[in-house]
Amino acid sequence: MSGADIVAILQGAVVTVTLSLVGILIGLPLGLGLALVRWADTPVFARVVALYVSILRATPLVTLLLLLFFALPNIGVPIGPISAAVLALVMNTSAFNCEVWRAALNAFPKDQYEAAQAVGMRAGQRFRRIVLPQIARASLPGLVNEMSLLIKVTPVLAVVGVVDITRAAVRIGAETYEPLPPFLVAVALYMPIVFALVSLQRRIERRQAAAEAAA
Amino acid sequence: MTRPFSRSLSRRTVLAALAATAATPMLGGKARAASMEEIKKRGLIVATEDDFRPFEFVKDGKPTGFDNELVDDLRKYAPFEIKQEILPWTGILAGVSTGKYDVAITAAIITKERKQSLDFTSPIADATHYYVKRKSDTNIKTVKDLSGKTCGVQAGSALLGRLPELKAMLEKQGGTMGKIVEYTSYPEAYQDLALGRTDYVVNTIINLKALVIEKPAVFEVGQAVSGPSFPAWAVAKGNKELLDFLNGFIAKQKETGRFAELQKKWFGEAFTALPVQFEPEF
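Top line first, the protein sequences correspond to chains A and R.
For the first sequence, the numbering used here gives the first residue as 1, with consecutive numbering after it.
For the second sequence, the numbering used here gives the first residue as 1, with consecutive numbering after it.
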C-alpha cells in the first residue's frame, strides 16, 4: 500500500463523515418534526407519518437507494449518486429518529405541560422551554445510537458509485491483491469517527448533569 | 481483487434491483434506452467498474485497466461527448437495463440469461474457465485430479453456473465433483485457497493469470474446466444503433492492432481469434 492509497482512504473518510453529518443534521430535526406530528395527533398527517415510518423502517437502505437512484430519473427527476445517497440516508434515519423522539414525547409528563399552560406560556414557549430540553435529554442515547449506526451503514452507498472509506479500501485491495492492509486502515478510521460522536454525547450528558446539580 | 465477470449479486441486492426496475413503470415512467440521436445531443453515458483488475480498476485515484484505455480511445473515436460513471458491479447491469447508463464498458460474460434483458457487443477477451491451485499442492496435476476435491467459486456467478461442465468432465473419467464453497468475492476465495480450506478455485483465465503474476510463489494456474466463454460490453436490449456503433469501434480497434496491443498489455496475451458475435449455450 502506497502513500497515495492512504490519501485515497482518507478522501473516503471525508466522504463518509460529510455524508453522515448531512444525514444526521437533516434527519435529526426531521425526525423530531415527524414525531411531533404524531404526538399532536394531527388528523390526516399523523396517519401519513405513521405509514412513512413503517415503510421506511421496513426498507433496507440499499433497496431504498437503488430505488431512488434508478426509478426517479424515469419519472423525470434526474438524481446523481451523492444526492441519491443523501436522500436515502435522510429518509432512513428520520424514520428511526422519529421513533426515538416519539418515545420521549410519549413519556413526557402531561402535568408539566398543563402547568405551563396554566402560567400562560404560549405553545412555542411551552415546547422550547419545557418539552424540548427534557425530551432531548431522554432521547440522546437513542439518537446517538442511531447516528453511530448511520455512520456504519454508509458503505452501502457505494452501490451507486459513492466512494467512502470502505469502497476506497476495496479499490486498493483490488489493485494490490492484498485486501487486508487497506481494510485495517479502514477499521482504524471508523473507530475514531464513532468515538468522537460518543464523546460528544458524554460531554453533553455531563453538562446536563452539572446544570441540574447547580439548579 | 480479481472478481470474475460473473460476480456476485447478493440476494438482497438482486431483490433491490428488481424492486427498482419493477417500480419504474408503476411510477408512470418507462425505462428505455436512449436513441443514438439523444446520445449525440447529451453524450454517451458509460459505466465502468472500480475493482475489477485487469479490466477496470483505480490506481492512485485514476481509473485504469484494459477497458479504461478503450474508453480513452472511444473519446477520440466518438463524434460526441463520453461521460463516465464509476461504480461497483452490483448496480451496473440494472443501471443499463433501466437506461441510467447507455453501456456497461466492463467484462460481462455473455450468458443466455443475461441475453434476455441485455444485448452484448463483440467479445473483448477470452473468458474460458480454468482452475488455480496452491503451488505447493502436488496432488493436483490435471483436471482429473480435481475429483472429490473442495472447489471455491463466486456465488451467483457465471462460473458457478458452468460448474456442471466440470462435473461432467470428472464423471466421464470416473471421478466425482467434490464440495463447492461459494464466496461473495474472489479475494476471499483466494485467501481460503492459500489457507488450505479449499483445494482449487475456478475463475477465468485472465483473472487467474493476473493473480499468478502478482503471487507466483503461492498459486499456480491449472487447465481449462469449461468450453468457450466470452466477456463483452452490455447495452440495453434492442438498442441496435448503439450496439452497431460500439461494434464498429471494436472492429476498428481490432483492425489497427490496438486491441491486440491492449490485450497483450493487460492480459499478457493477445486473443486474435475472438468471434465477432457469440451465441452462448449456457
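Fair warning: there could be bad hints in the mix.
[Unchecked claim] Beta-carbon label-pair distances, calculated as ranges: (1) Lys240/R with Glu178/A: 39 to 45 Å; (2) Pro280/R with Ile6/A: 28 to 34 Å; (3) Phe195/A with Glu255/R: 45 to 51 Å.
[As the list claims (entries may be wrong)] 16 Å max Cα-Cα, derived EDC-like pairs, lysine to aspartate or glutamate: (4) Lys252/R with Asp73/R; (5) Lys110/A with Glu178/A; (6) Lys215/R with Glu178/A; (7) Lys83/R with Asp72/R; (8) Lys265/R with Glu113/R; (9) Lys59/R with Asp41/A.
These are calculated hints, taken from the structure and not from any lab test.
Glycine included, every Cβ here is placed at the ideal spot set by N, Cα and C.
Using the beta carbons of Lys240/R and Glu178/A, state whether their distance is inside 39 to 45 Å or not.
-> Holds, since Lys240/R and Glu178/A (Cβ atoms, about 43 Å apart) stay within the stated range.
Are Lys59/R and Asp41/A close enough, with their CA atoms no more than 16 Å apart?
-> Given pair Lys59/R, Asp41/A is violated - Cα atoms ~55 Å apart, limit 16 Å.
For the pair supplied as a hint, Lys215/R and Glu178/A, is the alpha-carbon distance within the 16 Å limit?
-> Holds. Lys215/R to Glu178/A sits at ~10 Å (cutoff 16 Å).
Assessment of proposed distance window 45 to 51 Å (beta carbons of Phe195/A, Glu255/R) = violated, 59 Å
Given the proposed pairing of Lys110/A with Glu178/A, does the C-alpha separation stay at or below 16 Å?
-> Violated, at about 60 Å.
Decide if the proposed pair is consistent with the structure: Lys83/R and Asp72/R, CA atoms, cutoff 16 Å inclusive.
-> holds, 11 Å
Would you mind confirming whether the straight-line C-alpha gap from Lys265/R to Glu113/R stays at or under 16 Å?
-> violated, 31 Å
Can the restraint linking Lys252/R and Asp73/R be considered satisfied, given a maximum Cα separation of 16 Å?
-> Answer holds: Lys252/R to Asp73/R is near 11 Å, not above 16 Å.
For the pair Pro280/R and Ile6/A, does the Cβ-Cβ distance stay inside 28 to 34 Å?
-> violated, 43 Å
Going through the hint list in order, the structure does not satisfy hints 2, 3, 5, 8, 9.
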